[in-house]
Amino acid sequence: MVGLPLRRLVPRAPPALCRMLDPQQGCLEPPLRSELFGLQRFAEHGASLGLSHRHTATHSPRTSFFPRLHLNIARLRESFEYISAQANAGYDISPAAEWLIENFHLLEAQFKEISEGLPRSYFRTLPVLLAPPLAGLPRVYAIAWAFVAHCDGAFDEDLLVHFLQAYQTTCELNISELWALPTTLRVVLMENLRRLAERVASNKGARELANLCCDQLESYDLDSLEDIRHALRSRGVERVFLAQMTHRLQESRTTAHAAYKDWVQSALPEFAAEQIQQRADQAADNLSVSNAVTALRAIGDSDWGDIVSRTSVLMGLMLTCELFAAEHPLTRDSTLHAIERLARQSKRTETDIARTMLEHMARLSPAHPAQAVPSYWLLGAGRSTLYRALGYTSVRSMGLHLPPHTPVLALYLGALLLLTCALVAALLWRSTLAAWGVAGLAVLLFFPVSEAVVALVNRLVSESSRPRHLHRLAFRHGLPAEHAVLVVIPCMLSDAAAIGQLSHRLRLHYLANLEEQAQFALLSDYLDAPAADMPGDAALLQCAQTHIATLNRLHPRTPGTGQPGVLRFILLHRARSFSTSEQVWIGWERKRGKLEKLIHTLATGQGGAFENLGTTSQLMAHTPYVVTLDSDTDLPPGRLRDLVGVAAHPYNQPHFDPQARRVTRGYGILQPRVATPLPAAAASTGFHWLFAGQFGLDPYGAASSEIYQDLFAEGSFSGKGLLQVAAVHAALAHKLPEGQVLSHDLLEGALARCGTVTDITLMEDAPSHADVAASRTHRWTRGDWQLLPLLLRARHFGISPLNAWKMLDNLRRSLVTPASLALLVLVLQQRALAPWVAVLVVLAAFSSGAMMGALAGLVPGRGDLERMHFLREALADLARATGAGLWHLALLLQHALLNVDAIARALFRMTVSKRHLLQWTTAASAQAQARAALPAL
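Read left to right, the sequence shown gives residues 583 to 1519 (the working numbering).
Think of the hints as simulated: they come from the structure by calculation, not from any bench.
By construction, the Cβ of each residue, glycine as well, lies at the ideal position given by its N, Cα and C atoms.
There could be a bad hint or two in this list.
Unchecked claim - Taking lysine to aspartate or glutamate and the EDC-like style, the derived pairs with C-alpha atoms no more than 16 Å apart in a straight line are:
| hint | residue 1 | residue 2 |
| --- | --- | --- |
| 1 | Lys1388 | Asp1239 |
| 2 | Lys1302 | Asp1391 |
| 3 | Lys843 | Glu833 |
To be verified - Taking CB as the label site, the calculated pair distances span:
| hint | residue 1 | residue 2 | range |
| --- | --- | --- | --- |
| 4 | Gln1165 | Glu904 | 26 to 34 Å |
| 5 | Pro1219 | Ala963 | 33 to 41 Å |
| 6 | Gln832 | Glu617 | 53 to 61 Å |
| 7 | Phe1294 | Leu1090 | 54 to 62 Å |
| 8 | Leu999 | His652 | 47 to 55 Å |
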């Protein structure tokens, strides 16, 4: 039993004291404390240490410090509990003990940060030392150990940078080692704090034991004291025990204690010198503990990106490339990680690879902008060229087994079709219907089964693939003039209140994104009317101008910035034109027409598309980007600069292919992720809770998965994002048939090539009422079917196979509810399938996607979550997924009739009437007409 020998010698000793002084734990380890170095000595030590560390390996047997880390936190907790008990009992404790008590919560938090900051898989990639005494440990661990020892645990950023620079004059560090350094420093500091805490607690325990012995001195003979002394010698606290006994016995005037005094004097003849030494040790421990605790905080507050930039040889070499220096840290990291992986696989150093790549780039005259980007040669189409420049004749000769060009779309669609057909066949395996009955039932089953299969396959893809981070420039000092941007809200001038809300929204966009090279505009039309001019038009236009003038007065341009005479806020307004399809006067081609006219104006410099309102309608010349947002979309702080940073990066520059009639490389459109904000109490409804998804997603969070972007490097446009003026003009100008295209977002993204930027988030509320969602679904379904003529002539319009599938998939989804209703009716009438099976198939179609997400959410991704809160949220997601499926099942008749009506209207209008193809209701109007009650069947 732990502490048994000491407990037998001192029966009245508390168990905690016996555990703390248990000789079986071994002798106390000294703190990491060596000679303190200044700049010069650190430089000399760094260079000599680098020489001794030159023999390393990445695949040799390694000694993991993770078990040691767990032991350290356990010993720290034990020491903390003992010291806390002493303090609570009213005993005096040292300043070091006070530091430990007050900051123990920080130490436990550091343990969690270490576990997350240095995963074992990452640890296994670090070079390890081959020579004793640290053989098998990562080289960076030895560096951290030396730094902590010669700084007495203090953290000085400049001293660390100087030390690392000197070290690398003789031994170059990998980029992964430098990024592992902050966590490794924490590991070493925790090791030192454990040693100090054990030392403080054990010394306190030795004094307490001496006091116990002196209080009951008659109970011990000299042999017993000698046994206690021997036990404490094994723990390393013998002299502390003897010093305390000497101090107590000196106070005693009893002659009966003379033998004990003689014994302790012979055991500790230099008592005065020992007292001085122990006070010096205690003062040193106090300083070391305070240094270590302060250092742990300082490490967390330091800018390690800057430290790595100043110390990495690879980073210093890469920063000679101007484009790399201008890139966003995320983009830089992806480039550096690619170099790191290639170095590990090719057995070359990271700087060798970087130098070869940069020399190759310097000799090359780029055929297109992407070739000036380092990651083009590391991750893109230039990889094979770089491998040859490194001296490898093929990819396989490097040991890199990269698959050849794979038809990803064919595999994806093949998997969907194969799995759908297999499930349909399994459901019909024992059917007794005639052949025509089986065929009809198979068609009806195909649609709900395919919906569930698409959800399943997409979920598997998103879980197994890593989200793509699009390349991005940093623009650390704001947007430059050559990358100016126009932020527009396409809108209708309906009434004064709505105009006030629109101008307020425009102001919020500016206040969240204070960019001098950004212009903000209302892109407006009048409401549809039977005539070109209506009596209230002039008043509405004047109201809008007044609001824009107020914004410019409140937020004028800074003198000397921007183009002379150009306002920050402008109004771009169109007159009505007669629509033969609608037989009324409308804004030409509605929202699509507004954006097309704006793009044409910016691309060509030709005016006339918008009314001349003087400076109130004056655009910045040569504006290369337009960001279009809906009237209810929020643009969080800093997101505008991030979007333009992605668009401006040479790797993303769009290339329009006249033969393909579309953008084939780069991105003409960027689509951010759209998240749902927390709803206001008045706007929160049961429908909103069911279908809005997760609320309050962090707009600055990490990238999420978007399967088309992850699989095919091309996303889908949903109408809110950035348009590259030249590319969109080349891809869309005068290309689409007039008066036919209602749902234009997907088509525009197909022709101008859309990239989804999932780590840039816009906030937009979801419908709060079923009527609003139904109105929107009806419009979307009509718009999707009105694209059928373009889909049938996909090659003529430049629609790629991937985007043709997206358009076809929209048509498939619009048929899921009618097919599901027909399936249930047929099953109930003919008993062609077990009714419960049919109901489960329909439920799976409507809830499988959300249900898989909810079930995946039941598995926590981290171990430090508050369990009850996590469980409540996970169960709420599960309830939401179940409720959504039941809602769709309950309203299946209404939803099916809604979709059939939309499809029938679209087909009739396209083929027979040629009218109302642009019929459209604003979101505000749909919301105003929404009913709060449950819809009737």
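Against the structure, test the hints numbered earlier, and report the numbers of the ones violated in rising order. Hints 1, 2, 4, 6, 7 contradicted; others consistent.
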